[in-house]
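**Q** Chains as they are written, first to last, in our numbering: chain A, 17 to 316; chain B, 34 to 517; chain C, 106 to 446; chain D, 54 to 363.
Do not take every clue at face value.
To be verified - Selected chain C positions facing chain A (in silico; Cβ < 8 Å): (1) L203; (2) Q262; (3) K364; (4) N408.
What the hints assert, rightly or not - Example chain A residues on the side facing chain D (calculated, C-beta under 10 Å, incomplete): (5) S146; (6) A150; (7) P243.
Calculated directly from the structure, the hints in this document are not laboratory data. Glycine included, each C-beta is placed from N, C-alpha and C at the ideal position.
Residue-level listing of the chains:
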Amino acid sequence: NNQTTTNTGNFKIAIALPGVISDKAWNQSGYEGVQLAKQKLGVETAHVEKVSQADQTEVLSDFARRGYNVVIAHGGQFDAAIQQIAPQFANTFFIGVNGNVKGANIASLRIDHLQASYLCGIIAATMTKSNKLAYIAGQEFQATQEELRGFELGAKSVKKDIKITSTFTGDWNDVAKAKEATLALISTGADVIYQWLDSASATVLQTASDKGIYAFGNTNDQLDIAPKAVLTSAVKHLDVAITYLAELAQKKELKGEVYKLGLERPDILTLGKFSDAVPQAVQKQVLNVKQQIIDKKITL
Amino acid sequence: MPVPQEFVMAYLRLENITKQFGAFIANDNVNLCVESGSIHAILGENGAGKSTLMNIISGLYQPDTGQIYLQEQLITINSSADAIKLGIGMIYQHFMLVPQLTVTENIILGTGKNINLNLRQKQAEIKALSQAYNLEIDPTAKVEDLSVGMQQRVEILKVLYRQAKLLILDEPTAVLTPLEVKSLITILRQLAANGHTIIFISHKLEEVINLCDAVTVLRRGKVVATTTTTQQTTSQQLAELMVGRQVSLHLNKKPVASGEIVLSVKDLQVKDNRGVMVVKNISFELHAGEILGIAGVDGNGQRELAEALAQTGVTIGYIPEDRQKTGLILQFNIAQNLILKAFKNPPFSRRGLLQQEVIKSNAVSAMEEFDIRAPDVNVKVSQLSGGNQQKIILARELAGEPKLIIAMQPTRGLDIGAIEAVQQRLLAQRERGAAILYISTELEEVMAMSDRIAVMYKGEFVDILDAANATVEKIGLLMGGVEK
Amino acid sequence: MNNNRIFPIISPILAIVSALIVGAVLILIAGANPITAYTALFTESLSTYFGFGNTLTKMAPLLFASTGVLLALKAGQFNIGGEGQIYFGALGSALVGLYVQAPAFIHVPLAILAGFIFGAVWGFIPGYLKAVRGINEVITTLLLNYIAIDLISYLVQNPLKEANAPSPYSPLIAKSAQLPIIIPGSLAHGGILLALIAALIVYIIIKRSTLGYQITAVGLNQKASNYAGISVQRTIMLVMAASGGFAGLAGASEVMGLKYRLFEQVSPGYGFDAIAIAFLSRGSVLGLVLNSLFFGALRSGANVMQRSASAPVTVIYAIQGLTVLFIAIALALEPKLRHEQ
Amino acid sequence: MNNDFLTDFLASTLRLSVPLAYAAMGGLFSERSGVLNIGLEGMLLTGAFTSAAATFYSGNVVVGICAALIAGGFVGLVHAFLCVTLRVNQLVSGLAINLVAGGLTSFLGRLIFSGSTQRLPLVPAIKIPILANIPIIGILFEQDILVYLLFLIIALTTYFLFYTNPGLNLRAVGEYPSSADTAGISVTLVRYVAVVTGGCLVGCGGAYLALVQINYFTEGMSAGKGFIAIASLIFGRWHPIGSALACLLFGATEALQLRIQALGVNIPYQFLTMLPYAVAMIALIGGMGKSTPPAALGVPYERNSAGKNI
Ligand SMILES: Nc1ncnc2c1ncn2[C@@H]1O[C@H](COP(=O)(O)OP(=O)(O)OP(=O)(O)O)[C@@H](O)[C@H]1O
Ligand SMILES: Nc1ncnc2c1ncn2[C@@H]1O[C@H](COP(=O)(O)OP(=O)(O)OP(=O)(O)O)[C@@H](O)[C@H]1O
Ligand SMILES: [Mg+2]
Ligand SMILES: [Mg+2]
C-alpha cells in the first residue's frame, strides 16, 4: 500500500478514480499510473476509488487544498468538476484523463482511441466471414464513440458494405449482462467483437473464444486471456502516459492544453501481440497502416 | 349432574398464581379449582385479569409465582405446545385463526406428524368430526370468508381435533348470535357430559347461570368469590360481586313523546362490494326521541344499512360495529381519538394547524363527562379496556348533539358496568330528542332499549313491531325467516 | 433512573465504537494503520472547517430524501423510490436552470419548485397505483428508479448534452439559478439550509398540522380513517407525491448548489441511505437531521480515510455497514436494557 | 428469425433468470415466514465470492457451490439473529447486510485474487438424452447442475409450501404468528430455519453467477440483481411459481433488449436498457397488479402482545 510521508517538500500527485482499482482495466491503469510515477519520479501519491459524480468536486478540491501538485481525474466525467474547482487552486495542476478541458492549470490527457480501433477495424474486416462486426462498451460517451468510429472507419476502409452494430450495457459492474450482450451479438451473426469493458472484458473474450469467434483486447494486452479469440489488443499504457504528464509537471513543463497521445508514442498506444490466426500479410498491412498514421500520411 | 362430593376430583388446580406486567399486577395470588367434567365460569369486569389467567393456563404467559396442578400433578407449562400436549385447549378472546388459510389448514396447524399434509384425508376427518359434534362446516372454505360464528366453530373444532380434555373459552359468546349461542351451549353441555372439563368466560350473566356448574369472580386480579351453587345465584348477586357495588340491571327508560320525523328512508337498496344486493327495499321513518331497534341475525345487511345511512351527511353520530378496527385508532391517545371526525374544523384546527390546548381541554371534559377511566388524556387507547374504549367513541359521536344516532352492537364484549354506562348515555340522548337506530344481535338488549323493533332478514325488514307488544318468541321466529 | 437519559446517547456511541473496532481489525489485515485512518476520519469529517463543510454537503441530499421517506412512512407507505425521484427532481431544476431566464430571486425558487414538482410526479405515479389500483408501492417505486436513471442518462447524452463534453452532462445552469455557498471556500451550499427548512416544515406538518393528523391516521388505521371521513386514497396519493417531491429537492439541490448542471449518476445511493436514516430515526424529525449528519460524515469520511492513504475503500464500506448495523442493534436493545434496570 | 436465434434467446433468458430466481426463492422463504429480506443483494454477492474463492483454492466446483450455500446460510443466520432475536428493524438489517457484504467481499477479493486472473474450472453441462434434442427448447436440457437444481427447488418449494406440514407452519407464521404460537409452533425456530434456508438458496444464486455464468469473481458483480429478485418476489405474489415466472420475465426482456441492440435497431440504448423495468411496470398496471404481502411481514413477533395485533 502507498503510504504518505509527511515531507511537504516532496512533489505530490493524486488520482481520483471513478471505479475500483482492481478492475484490470481503466481504473486499474490509472492507479498503476500513479504507482509508476511514484516509482520512477519519486513523487508522493494518493488515490481515491469509487468517486461518485456527487463527490468529484469534494475530492478534487480536497487534494488541491492539501497541497497536491498534480491532481489527476481519471475519466471524462470529471471535466465539469475540474472546470469548477481548478480556478480556485492556482498552485495545483489538474489533469483530466479522457477530458477535453484546458486552462491555466488544467491539462487533458487523451489517448487517441480512434487510431488503435481503426487498426483493429482493418483486421476485423479481413477476418470476418459474416461481414458483421460488433462493438460493446459499458456506456456511450466521447471516448467510446471515438473508438466505435475508428473501428468502423478501419473496417470500411477494407470492405465498404460491412455492418457494425454496437451494444451498451449501461452498467460497467454488470459482468453477467456484458456476457449476455456478447452472446446476443454473436447470435445475430457478429463474428468479430471489439470491446471496452472493465471487469467484464475477460468474460467477453472467453465467451468469444467458446463460441469460436474473434475479439480484440483493450487497454491491456489481453491475448493470454483467450488466445484463440483475441486477434490483437489496443494496448493503452495509461500508466506511462500519466507518468509522462506527471514528469512534465514536475519539471514545470506541463502546459494547459490537451495532450493527445497516439501511435507516435508506442510506449503509450500500440497494438498488442498478434494471434496466429491473423495472417502474416494482414499483420504486415496493419503495421504498414500504423506507420502511415504515425507519419501522418493517413489522418483520422 | 350432581356427583357425590367424595368422588369429585379437581381436574385443574391453581395455587397462588401471580402475574405482573411491569408494575401492574394482573393476577394477584389467584387460587382456583376446576372440577373434572364441570363447566366453570370466570367472571369479572373488563380488565379484571380473566384472559391473563387463561393465557397462563394455555402456556402463552408464564406466571411469576404459583403452581399449576393438572389432575393433582404439579405441572409447568412453558409454551402452547406444552399445554396442547397436556390436553389443554384454549379458544382465545381474539380468534387465533389465520385468515388466509382454509378451515382444514387452521385446524390441523401444528398437529402434523408427517411431512405430508394429506389435505384430502384431513378434510374428510374434519368433516366427520364436525358432523359428530353438530358443528357443520365447509373444511375447504377460507377462514377470512367465514362469519364470526363460523370462525368460532373452527376454533372449537381446532381444540377438539387436538383431543383437548380441558377446554378454555374466553368470551366465546360475545360475537355470536342468539341462535349460535344456543347451539354453542348445547355443544358445551354435550362435551362436559363426555368428560371434558370446561372453563367459560362471559359477561352475560344469564348465560353463566344457565350453563355453568361453578363460578369464580375476579376483581382487580384477585379472586373475590367462588360458588358451586350457580343455579341458586342471581344475576344481581354476581354483578355486585364483580363490580363491588350496587348495579341496576334494569334500564330506567322514561317515556318520551316522539317528535318530528328525523329520518325517512324509502326503498333503500345497497349493494356490497361484490355487487350483491344486501339491503333490499327498506323503508321506514324515525322520529325524534325514538329508538328504533333493528334485530336480526348477524350478516343480514345490518352493517351495510348502517353504513349507507351514516353516509347521508346529516349530523349523525355513528357507533360502528368494530370499535378497535373501525371506531378508533388504537395507537392514538384519548385526546386524538376524540377529534377523529372533527379535526379539520374549528376550534380544533385553525389555519391548518391543530390547536393542542383546545384538543386537550376537550378531552379532559369528555373524560369527566363520560367517566372514561384512564390516568390522563395522553394514554393510548390501545391500553384501555373495551368499555372505556367504547365510551370514547360515544363521547366523540355524541359531541355535536346529533339529531340521528346509529349505534351498532354498542355493548359487545363489555362488562355489565360498562354496558350500563353505554345504555344510559344513549337513553339520555333519546330524552334530549335524538332519533336512535339501535342495531344489535342481542335480542334482549334490543327489546329493552327500543320503542319500535324492526326485524331484518336477508336484507329486508320483515316486520316493524311495537316494543310493547313484541315477544322474544315472535321476534325470534321473524329473525329466522319464518313468515309473519 | 439516570440511566434512562443516558441510554439514548450512550448506546449509539457504543455501537459506533464497536463498528470502528471491527473496522480497525480489517484495516490491520489490509496492512494499514487504523489510527491514521481514524484520526483522519474524525479530524477531517467533523472538526475541520472544510471537512465539516463536506459533511454538510452530503447531509443536504440525505436529509431531503429521508424527509420524503419519513413522510411516506407516516402514511404507511414504503417509498424506496428515492433514487429515481432524486434524478427527476434534478431534471426539473436543471430544465428551469437551463431554459428559463429570470432574476435570481425568481429563478432560484422556480428551479426549486420545478425540482419538487418533478420529484412529486415520480412519487405520485406509485402513489396513484397504490391508492387506486392497489399495486404494491415497493415494487413500483423500485422499478421507477431504474427507469428514471436510464431516462436521465439518455437526456444528458442526447438533447441536454453540453457540446464537446467528453462525458454525458448538461451545460451549466444560469448563474441566477445557482444556490450560494454558505461556508466560504468550501462546497457547503444553500441547499443545506433548504434541507433543514424542509425538515422543519415536515416536522410542523406531522406534529402540528391538521394534514399531519390526517396522514398519521391513515398510516395507522385506514379503515378508521375512512370511517371518519378521511379520503384514504387522496391522502396516499398526496403523501407519495410530497414524498417524491422532497426527494426531488435532493436532486434539485445537487444540481443548483453542487454541480450546477445535470449529470449522470446524480445520486450515489442517497435514496437508499435515506431509507436507513428514516428507519433509524424512528419517526423523529430531529432524528432525521442527526442521522443525516451522521451518514453525511460517514460518506465524506470514506473519502477522507482513502485520501489519508490508510484504509482501502472496501474496508470503509464494510465499516459503514457495520456502523449502521450496530446502531440498529443498539436501538433495538435499548428498551430491553432499560427494563432491566 | 431462425431456430438458432430462438434457442439462443431462450438460453440467454434462462441464464439471466437463474440467479434472479435463486435469490427470489431465497427471499420467498424468508418473507413467507414474515422476515423482510432486502439483503438479497448482499447474500448474492457473498455466494458469488465464496464460491469463487473456494473453487479457486480447492479446484473443485462442488466445493465452491457448497461454500456458497454455507456462506449464504450464514448471512441468513446473521439476518435471522438480528431480526428475530434482537428485533432489529428488518429493513435496516437488510440494507446493512448489503453494505457489509459489498465491502467485505471486495476486500477479501482483493486479498485473494489480487493480480492473478482467476482461472476456475467449468461447471459441466449435463445433457439429458432425447429431451436435449427437441428443437428450440432442447436447450433447457443441456444445462448445468445448478439450473436443474433450481427447477427442482421451485417445484419442491411449491410442494413444500402448500402440501406439507412444515410449509403450512411457515405460512401461518408469516401471516399470523400468534396463531402459530398458540398452535404450539415455535415462531422463532420457523423464522430462523426459513431465513437460513433462504440464505442458502441465495448463496447458490451467487455461485451460479460466479462459477457458471462468468467463471470468475468481480467486485459488485451482483449489480442490483438482489433488488430485481425482490421485485420479482412481489410481482409473483410470494408464490414460488409466480416469482419464478416474474424472474423469467425480467430475464427475457433483458435478453430481448440486448438482441434488439445487437440487431442494430436505431433506438438510444438507454430506452433498451430500461426495457425490463418498463415492461414489468406495464405488466403491473395491466392488471397483474395486486399483491398482498404476508400479513406479518416486517413485524417482529412478541408473545406478550399476542392477540393484540398481528
Ligand atoms: N400484555 C400485557 N402487557 C401489559 N399489561 C397487560 C397485558 N395484558 C393484560 N394486561 C393488564 O392486565 C389486566 C388484565 O387484562 P385481561 O386481558 O386479563 O383482562 P380481562 O379480565 O380478560 O378483561 P376483558 O373482560 O376486557 O377481556 C389489564 O387491565 C391490563 O392492564
Ligand atoms: N398492551 C397492553 N398493555 C396494557 N394493558 C393492556 C394492553 N392490552 C390490553 N390491555 C388491557 O387489557 C384489558 C383487557 O383487554 P382486552 O383486549 O381483553 O379487552 P378488549 O377485548 O379490547 O375489551 P372487551 O373484551 O371488553 O371488548 C383492558 O383493560 C386493557 O386496558
Ligand atoms: Mg379478556
Ligand atoms: Mg374483552
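**Q** A separate judgement is required for each hint: does it hold in the structure or not?
**A** These are the hints, each one checked on the structure:
no.	hint	result
1	L203	violated, 14 Å
2	Q262	holds, 6 Å
3	K364	holds, 7 Å
4	N408	holds, 6 Å
5	S146	violated, 13 Å
6	A150	holds, 7 Å
7	P243	violated, 13 Å
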